[in-house]
Amino acid sequence: MNWAQLVTTVVTVGSILGVVTLVLNMQYGHAGMINFGVVAYFAAGAYTYVLLTQSPPSSLDQYVVGLDLPVWVGFLGAALAGLVFALVTGWPTLRLRGEYLALTTFAFAEVFHSFILNEQRFANGTRGLVGLERPLRDQITFVDYNIFFAAAALLFLVIVYLIFERIVRSPYGRALEALRDEELALITVGKQSGRFRLEVFLFTAPFAAMAGAFYIWYTTLALPELFTAEVTFIVWIALILGGEGSNRGALIGIFLVVVFEELVRAIPFTTVRAAQIAAEVEVAALGLLLIVFLRWQPFSSLARMRRRTG
Amino acid sequence: MQSNQHAAWPVAGGLRHGANRGAIEPTGRIVRVTQLIVFGIGSGAFLLIATLGFALVRRVEGFLNIAHAELMSISAFITWYFNVKLGWHFLLAALVSIAVTALVALVIARLVYDPIKHLGPAILLISSVGVAFLLHGTTAAVVGVGIFGFEIPRLAAFSLGEVFVAPYRIVLLGLAAVCAVGLALFLNRTRTGKSIRAMSINRDLAASRGVDITAASRATWLVTGVLAGLGGVALGVLGTLTTDLAFGQILVILAVAIVAGLGSLYGVIVAAFIVGMAMDLSQLVLPGGYRPVIAFALVILVLLIRPQGLVGSRERAT
Amino acid sequence: MGFLDIDGVSKSFGGLRAVADCSFEVPHGSLMGFIGPNGAGKSTLFNLVSGLYQPETGSIRLEGDELVGRPPDEIARMGLGRTFQTPRSFSTLSCMENMLASVQSPGENLLSALLGNYRSHETATTEEAHRLLGVVGLGGRAEDAADELSGGELRMLEVARQLIRQPTILLLDEPTAGVSPRLQSRLADLLRGLHADGLTVLVVEHNLGFLLDLVQHVVVMVKGSVLTEGDPDAIRRDPRVINAYLGRGGGDAA
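Residue numbers (numbering that gives the first Met the number 0), protein chains in the order written: chain A, 0 to 309; chain B, 0 to 317; chain C, 0 to 253.
Cut-off 25 Å, straight-line C-alpha distance, at most; resulting in silico cross-link-like pairs (SDA-like, lysine to any residue):
no., chain 1, residue 1, chain 2, residue 2
1, B, Lys84, A, Gln275
2, B, Lys116, A, Trp295
3, C, Lys222, C, Arg16
4, B, Lys116, B, Asp203
5, B, Lys116, A, Leu183
6, B, Lys116, C, Gly150
7, B, Lys116, A, Arg294
8, B, Lys84, A, Ala273
Derived by calculation from the structure, the hints in this document are not laboratory data.
Turn these sequences into a full structure, and let the hints guide you.
Next up, the structure:
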């Protein structure tokens, strides 16, 4: 078992998904909005990045647009895509609550996924795009590129964490929790719940979208099967595990999940069937953990206690 | 005629099996439309069976059970096991499978859902995602990869004019009718059924009036399990099975339930056919892979314009 | 024209007329009570005034401004405060945080939240919050989470949360339900003090003993409209009022 590689992978994937988990934590853990479609921001960012930076199509490709713009333009474009997607899907859903909001956000994400899956002209549909460029690949010679990239992803996570924590600890964060606790009470003290909800969507989505760009840099692939509802559910499981409502808990949760996944992946299986069984057992285990943690919520109450005294 | 409708039934919602209906290409617009309507009726019949159990849980237990489709998957594979692996007659295998599925539904409810009922429908919804993961992982680990089919007589499609109709779909339509009527009779004529209805209106009030809530709840889960079991068997009859089928199903089931209006059972009867036909008729203008998108688009439309669906229930979405 | 004018207001749910052509005037600075049997429409009326429901007919004017058609948060910002039959506060927040969350803070602007320029406002508000929590008897509970409070304490918290907003008119929906007698008298003193300070207060109550000793003017509602109104003594003796309660069997004439 190559521990160095394992750690690097965990840090990289954990940081990227960690940003998405933090976004979900702001939306659900703090503002109480059940978003079952977070993967859509992630995917919107990833694919917009690809669209902007990919070189124009060759004869073998079916996609139509590749603007070959610099990496940083793609990155900012990804953030903008997240914002636009959040605006388009967030604004009409402002008056939806609970399961209705969950289903609508889910439906939006599935529509988007279906689009990237089926629309060949967008990004080659199911075939996807491979061999995508990694930023600064040639310039980084002083250290292993993977380590550099892991550090970059981690830095991104830390920045997002600091920004979100600052908001959570401010009156704004307090208003969000009030919104989550008792929306009616918030309204009767004269505050507009709709404005907070929309702002939370618009403010957090770009970060998830930027994480999508990071994901493209990491995998060098743009395959629709990487951007399914499974991502949404992994992030949800991580959130519940870590105790929803706390940014720190969210990160603990996602890193636990990623470590678990990577450990399973690192086991040297001798047969394909064994590997397949392991992957499925992993899925079952995650489901079981979700059930158990929702029932007994050990970390959640810890997180609440920490928040009150800290 | 190279049609092989048995294998071409795109039951899996198109996400991972973007099945193309193009195996049959009748000429003429009208024929094509009629054919798609016939398909749509078949889809609707299946969706009716699949969604009734889901809607029942929503109505009585108050939450959306995302794991419902996994129950169908379990039923399908248990049937396959008895039918193909052990060589039993299909009907016997189906019956046993349905019974097992009903029990599984009950056990899960007692172990997972009942203890956290007080946490509210949102938590139950998230929990059901966990159950879905658990069931999916277990089923897939046991079954493995591959495509599976039942050992049932292959009935060739017959034609009415230039439109082809598969016999199994007619059976399915009949089955759907039986389910709908059966459920209605059960809820309205039997004592358990009436208890269930009382409980779904107001749990505490029913309890104070002497209704045995635990028994009614148990009955609800068993009925749901039976319906899910039937749905799973139908899945296998209409097409081949893979372990990934369930996910695509639950999305469309959700769509039907929402169009019907969450909490409404009668609405499901109408909504199932609306969604089924919309999905199939969309083939006139969209490629096959977009079929499930129609379902989601309907969900979005309904939730934004008329969240209470066709038969608006008392609960408001806002 | 009164401080609050209710004019011909009606509201139905399904086939049921909850409020039927209701009209009355609330003078500025009055302490007014609303009584009536169950189902008389008192809470519905409060919901109509505060904007949670929209009336089918009629108008509701606060200081001359029409409230009908405005969303509830806007009406609250216009100076209206209200409490609910079942007390609603922010359950996972502490009492102090509850109070702070009830006032408009500059830190509730996203940019300011990031920049951090809300501290001085926070400090000032915290002082005022401490004072008010003391006034309602929750002085020592500032750091406790709202979901650790008893029913009566929750009610007082809800009142305090409205008071820190400095409303011009306060609607209290059954404030003494589940509240101990000691706390009730504290609440009565509080309301008399607020009244003396010029706050207009409307109270819906079933607890007639509490209400008739407190308010100066009583409006009696039956079946969605005003049966009669007058000072507490007159109402106590009015045979129609007694009939309405006995006939319906609702409310505690305690």
